[in-house]
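Q: Here is how the chains run, residue by residue.
Number of protein chains: 2
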Amino acid sequence: MLDFIYNTPTKVYFGKDKEKLVGKIISELGYKKIMLQYGKGSIKKSGLYDTVIGSLNDYGIEVVEMGGVEPNPKIEFVRKAIEVAKKEKVEFILAVGGGSVIDSCKYTALGSKAECDVWEFSMGKKTPVEALPVGCILTIAAAGSEMSSSAVITNVELSMKKGCTTELNRCKFAIMNPELTFSLSNYQTACGIVDIMAHTMERYFTVCPPTELTDRISESLLKSVVNAGKVLINNPSDYDARATVMWASSLSHNGLTGCGRENALAVHQLEHALSGEYDEIAHGAGLAVLFPAWARYVYKQNPSRFAQFARRVWDVVEDDDLTASIKGIEEMEKFFKLIKMPLSLREFNVPKTCVDRLACLCTYNKTRTIKSIVTLDYEVIKEIFKSCY
Amino acid sequence: MLDFIYNTPTKVYFGKDKEKLVGKIISELGYKKIMLQYGKGSIKKSGLYDTVIGSLNDYGIEVVEMGGVEPNPKIEFVRKAIEVAKKEKVEFILAVGGGSVIDSCKYTALGSKAECDVWEFSMGKKTPVEALPVGCILTIAAAGSEMSSSAVITNVELSMKKGCTTELNRCKFAIMNPELTFSLSNYQTACGIVDIMAHTMERYFTVCPPTELTDRISESLLKSVVNAGKVLINNPSDYDARATVMWASSLSHNGLTGCGRENALAVHQLEHALSGEYDEIAHGAGLAVLFPAWARYVYKQNPSRFAQFARRVWDVVEDDDLTASIKGIEEMEKFFKLIKMPLSLREFNVPKTCVDRLACLCTYNKTRTIKSIVTLDYEVIKEIFKSCY
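As given, the protein sequences belong to chains G and H, one line each in that order.
In terms of our numbering, the first sequence has 101 at position 101, counting the first letter as 1, and numbering is strictly consecutive.
In terms of our numbering, the second sequence has 115 at position 115, counting the first letter as 1, and numbering is strictly consecutive.
With the rest of the complex left out, here is chain G:
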């Protein structure tokens, strides 16, 4: 087991109606003026907006609103929000939404306490040292941002989607009511499930000394999410299945599944290039195409690991590790297909000629490689993208 630091200070309020506590929670933390960010208005249709505002009003909390966060949240929006947050002297930022809204809030929180432009945090040119506190009410189980230390933002001008990881990004609290996800479409649910599985698998497939406990926890998470996914196809309002997916979202990316292991997120980086370039591609859908392709490219370098995955997560019965590995990857693809995820870049209408450009974006124009079981350089990445057709 490798050395690690485990830091999960986010207080989770999990269960029915917990969103009604938001005013009380923020008030007890001592904040009186907050910024509220949300997406494109689905929370107004669902009534969640009214509940949140009502609860905040009950505790006399002043609210500065910034609705309209887009999926793959944009740096331009964040810059505007920072300006407002500074001008209005807000003390706290509340995200009501999924990973995009939370990440937008995290960047706003970092920028509100910084002199530099926040994109410099993405580019690693500056390191954030302070941030406004952030809390969230989660409405999509997927990104794990509600407990994670990471945030990802898209710079349209530069065609780049790039994150900033810092302990300052940990939410003070996360309110999670599985019922808030009942209204998600099957497609959104499936994208979330793939994202959660990817967060877990990325850490699972690094090369490390033995970590039996972390392995088994990761396998538990994958098996539970797969079972819940199968339930939700036919019954999107199954509370326990929604709760499983929601809680797995947090645990997949709060550090637990990486304890004692290398924490590379290689496939995520390929996908960020993809959905950074093609805004219409949902992150989870991109991962559903890329993860099996990556796995088929690398499994021969670590067949015992892929065989363990096949046997423990997918109940593959097969003595030979290489054969078991392939069967495990096939089972994963079958499951992605079952929940109606794409398995080829053709399904996105991404032309084959773009493979070059995507590989360039991943490697910042051939100036870096990505750590993985097999180091991913420009040529390897091109091969992986090509195999997605």
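Derived from the structure by calculation, the hints contain no laboratory data.
Model, not experiment: these values are computed from the prediction.
One or more of the hints may lead you astray.
Each pair may be met inside one copy or between any two copies, as identical chains are not told apart.
As the list claims (entries may be wrong) - When the alpha-carbon atoms are kept at most 27 angstroms apart in a straight line, the in silico DSSO-like pairs for lysine-lysine are as follows:
(1) LYS24 x LYS11
(2) LYS16 x LYS371
(3) LYS24 x LYS126
(4) LYS40 x LYS327
(5) LYS32 x LYS340
(6) LYS172 x LYS24
(7) LYS366 x LYS80
(8) LYS11 x LYS366
(9) LYS172 x LYS11
(10) LYS86 x LYS162
(11) LYS366 x LYS334
(12) LYS74 x LYS334
(13) LYS113 x LYS172
Take the given structure of chain G and dock chain H to it, following the hints.
A: Just chain H now, kept in the frame of chain G:
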């Protein structure tokens, strides 16, 4: 899945040599004068004491020492420590040891900010509202106190061992170097393993709506700890096995294994009566006797649960739930025997005539019952203790 709050603010520094960071960590938290508590001096023999003092000195941290915490820590010691802490105006309390030392520090921390006698917190007569911050360097993997919200203290005068659970009890940080546990005897190691398993199983065997993810995580923990236990019998210096047990200690009792479930600790309460009355009985050894006895008494009320435990944790292959349940309990006993834990109260020289007294202690003289799959009243508890012979 039942509603829950998940709150694990303890920052964990896990790995080799991490104890050397203690001065830096406390200094960065801003504390200049601390109380150091430890046990009966094994940390002086091992050199850990010198390392800790050296690191604290390097950062100019003033240290008030209170060595000599006993196993099953005593309220008298805590009262003295509180007096010293108040007089010396210490700002922080550092525990170097196992659960006993940490619990002693937690009670000292609560008492240092209270007007009343701390025993009133155990008796539920007063609720703590403030505490000094506590941090720890863990040297025994067992109690899970390093991340838990609970602490247990023994009142010799009243023959009572009784805890106080409050979020104030969460350590600010926990330093965990598995190498610090290499020198534990096989008996101490085994007691720790049983305690860790019991923390997990107590929550696992409550009656609740489905919690697949929490179930599987608990099963993962149990299976990993059992495998590590088998390694450690023959090789007490196996780093990965020690690391597994140490990390499992924290996860078994920090809340993770109880997410969405009832959090009764029924068998623990029986054991507290036992080791409260017989100070020479180690908590883990007491649990090894009581857990199978409790399980045999209650399994028929929830055979599907015990059968799941048998199949997933102990690889029992058996279609009939009742038969599988018994086989699972037998496997647990076999494992306890393998790691040289007692399986009968005879092994402690507890006379059969004491069963009455123990049942009275558990039920505070027949004035309460204990929640469990089967409610444990005086008569039931007597039956369970009787079956331990």
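Q: Compare the structure with each hint and give your call.
A: How the hints compare with the structure:
| no. | hint | in the structure |
| --- | --- | --- |
| 1 | LYS24 x LYS11 | both (14 angstroms within a copy, 26 angstroms between copies) |
| 2 | LYS16 x LYS371 | between (41 angstroms within a copy, 25 angstroms between copies) |
| 3 | LYS24 x LYS126 | between (35 angstroms within a copy, 24 angstroms between copies) |
| 4 | LYS40 x LYS327 | neither (41 angstroms within a copy, 56 angstroms between copies) |
| 5 | LYS32 x LYS340 | neither (45 angstroms within a copy, 58 angstroms between copies) |
| 6 | LYS172 x LYS24 | both (14 angstroms within a copy, 24 angstroms between copies) |
| 7 | LYS366 x LYS80 | neither (32 angstroms within a copy, 66 angstroms between copies) |
| 8 | LYS11 x LYS366 | neither (41 angstroms within a copy, 38 angstroms between copies) |
| 9 | LYS172 x LYS11 | both (6 angstroms within a copy, 14 angstroms between copies) |
| 10 | LYS86 x LYS162 | within (24 angstroms within a copy, 51 angstroms between copies) |
| 11 | LYS366 x LYS334 | neither (34 angstroms within a copy, 58 angstroms between copies) |
| 12 | LYS74 x LYS334 | neither (33 angstroms within a copy, 59 angstroms between copies) |
| 13 | LYS113 x LYS172 | both (17 angstroms within a copy, 25 angstroms between copies) |
Checked against the numbered hints listed earlier, the structure breaks hints 4, 5, 7, 8, 11, 12; every other hint is satisfied.
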